[in-house]
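Enquirer: Sequence:
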Amino acid sequence: MIEDINSVDNTSISKLETNNDLKKYIISKKDILIKRGIIILEPMTKTERKKLYEVIDNIPDIVQFSIGDGTKKRIVLRYKPQTSERLDLKKITLLGIEAYKNGNYEECISQYRKLLEIGNPPAPVYSRLGLSYLKIGKKITAIDYLEIATDLSRKGDKKFDFSDLILHLKNQISSLDKKTYVKMLTDDFNDTNNNYGIDNIDNIKLLLNSGCRFDDVCLKFNLTEEQKSILLLILARDSYSACFYELGDKYMKIVEKMKNKTSAVKELFLEIRKNRLFYKNRDIDTKKLILVPNIKR
11 MIEDINSVDN TSISKLETNN DLKKYIISKK DILIKRGIII LEPMTKTERK KLYEVIDNIP
71 DIVQFSIGDG TKKRIVLRYK PQTSERLDLK KITLLGIEAY KNGNYEECIS QYRKLLEIGN
131 PPAPVYSRLG LSYLKIGKKI TAIDYLEIAT DLSRKGDKKF DFSDLILHLK NQISSLDKKT
191 YVKMLTDDFN DTNNNYGIDN IDNIKLLLNS GCRFDDVCLK FNLTEEQKSI LLLILARDSY
251 SACFYELGDK YMKIVEKMKN KTSAVKELFL EIRKNRLFYK NRDIDTKKLI LVPNIKR
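For the sequence shown, our numbering begins at 11 and goes up steadily by one.
Calculated directly from the structure, the hints in this document are not laboratory data.
One thing to keep in mind: the hints can contain errors.
Said to hold, decoys possible - Label-pair restraints from in silico Cβ distances:
id, residue 1, residue 2, range
1, Leu97, Met268, 43 to 49 Å
2, Lys263, Lys34, 54 to 60 Å
3, Glu116, Pro91, 16 to 22 Å
4, Ser273, Leu104, 57 to 63 Å
Unchecked claim - Quick list of in silico lysine-lysine cross-link-like pairs, DSSO-like style, CA-CA up to 30 Å:
id, residue 1, residue 2
5, Lys111, Lys56
6, Lys230, Lys165
7, Lys60, Lys111
8, Lys149, Lys90
9, Lys215, Lys263
10, Lys82, Lys111
11, Lys101, Lys82
12, Lys56, Lys82
13, Lys34, Lys82
14, Lys124, Lys83
15, Lys60, Lys124
16, Lys100, Lys60
17, Lys230, Lys215
18, Lys230, Lys45
19, Lys45, Lys124
20, Lys230, Lys267
21, Lys215, Lys60
22, Lys145, Lys60
23, Lys90, Lys60
Note that the structure is predicted; figures quoted are calculated from it, not measured.
Just so it is clear, CB atoms sit at the ideal spot from N, CA and C, and this is done for glycine as well.
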């Protein structure tokens, strides 16, 4: 397991008067830097940053860049060993992606750390590392990588935004209010009215709205167990679209507690939960909403 630590203490740095002492201090952190890949220093004054830049430029295998702005600007130390080895970046990237998809997060970290140690890696490299560290329980390290990914995205294509997830990991925001880390586009909601293979959805909603029991309605339309779960998820999606979050959450919790969910149900569940706060931007006929779930479980 990779060591999980907080950022380097700036108090010690500020007390170092000479460049030689500062250089020794940074070098003393090299073992930690090798294990983590990056270290984020706490905000410091412009003068202190300038002094540190000059020192780091003369330390082998360590490079620096900054994130944040103004008084919140912070220096990031990155481990970048000097090597003549030629690497197949495309192959490494694909191996990392495949490892992540298969739940082999340690292997994903191993592959993406190679990308971190060469060139100037873009936001996706930091985001994948951050999510992988999070998956193996290294929350502090994950936060640092996700903060870098978010900052690089703001300065670039703005694809990644982990700001709410970071606040949640720091216990500063609830899990239900954290937004997705990927920017959502209008095209992402083209299937908002998708009924996922369930016919007569309007008639089903009409009967549920009239007070019929959920199980009775499902029996009437010969819905399978998988279709029952999908119907609940559709109702949750419709509730979120109309900003009835509490109602939507009730449907989601029912599905979450269901046993033997198919892969299709699991995938749809994650999709709807991820987009919870974004569905409200879509048009929907609120008259079709079932305002009170009549489900016994």
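Enquirer: Taking the hints in turn, state whether each one holds.
Expert: Results for each hint:
Between Leu97 and Met268 the beta carbons are some 45 Å apart, a value that agrees with the proposed interval 43 to 49 Å. Between Lys263 and Lys34 the beta carbons are some 55 Å apart, a value that agrees with the proposed interval 54 to 60 Å. A C-beta distance of roughly 20 Å is found between Glu116 and Pro91, which places it inside the suggested range of 16 to 22 Å. At about 23 Å, the beta-carbon gap between Ser273 and Leu104 misses the expected band of 57 to 63 Å.
A C-alpha spacing of about 42 Å is found between Lys111 and Lys56, which places the hinted pair above 30 Å, so the restraint is violated. Pair hint Lys230 plus Lys165 does not hold up; C-alpha atoms about 55 Å apart against a cutoff of 30 Å. With a C-alpha separation of about 41 Å, the suggested pair Lys60 and Lys111 falls outside the 30 Å cut-off, and the hint is violated. Restraint check: the Cα-Cα separation between Lys149 and Lys90 comes to about 23 Å, which is no more than 30 Å; the hinted pair holds.
Restraint check: the Cα-Cα separation between Lys215 and Lys263 comes to about 19 Å, which is no more than 30 Å; the hinted pair holds. At most 30 Å may separate the alpha-carbon atoms for a hinted pair to count; Lys82 and Lys111 exceed this at roughly 35 Å. Restraint check for Lys101 and Lys82: the C-alpha separation of about 37 Å exceeds 30 Å, so the hint is violated. For the given pair, Lys56 sits about 11 Å from Lys82 by alpha-carbon distance, which is consistent with the 30 Å threshold.
Restraint check: the Cα-Cα separation between Lys34 and Lys82 comes to about 26 Å, which is no more than 30 Å; the hinted pair holds. With a C-alpha separation of about 27 Å, the suggested pairing of Lys124 with Lys83 holds against the 30 Å cut-off. As the CA atoms of Lys60 and Lys124 are separated by approximately 29 Å, the hinted pair is consistent with the 30 Å bound. Taking the CA atoms of Lys100 and Lys60, the gap is near 36 Å; set against the 30 Å cutoff, the hint is violated.
As the CA atoms of Lys230 and Lys215 are separated by approximately 13 Å, the hinted pair is consistent with the 30 Å bound. With a CA separation close to 60 Å, the supplied pair Lys230 and Lys45 exceeds the 30 Å bound. Between Lys45 and Lys124 the CA atoms are separated by roughly 13 Å; this keeps the pair inside 30 Å, and the hint holds. Of the supplied pair hints, the one linking Lys230 and Lys267 holds, its CA atoms being roughly 24 Å apart against a limit of 30 Å.
Annotation: proposed proximity of Lys215 to Lys60 is violated, straight-line Cα distance about 64 Å (limit 30 Å). Annotation: proposed proximity of Lys145 to Lys60 is violated, straight-line Cα distance about 36 Å (limit 30 Å). About 21 Å separates the Cα atoms of Lys90 and Lys60, which keeps this hinted pair within 30 Å; it holds.
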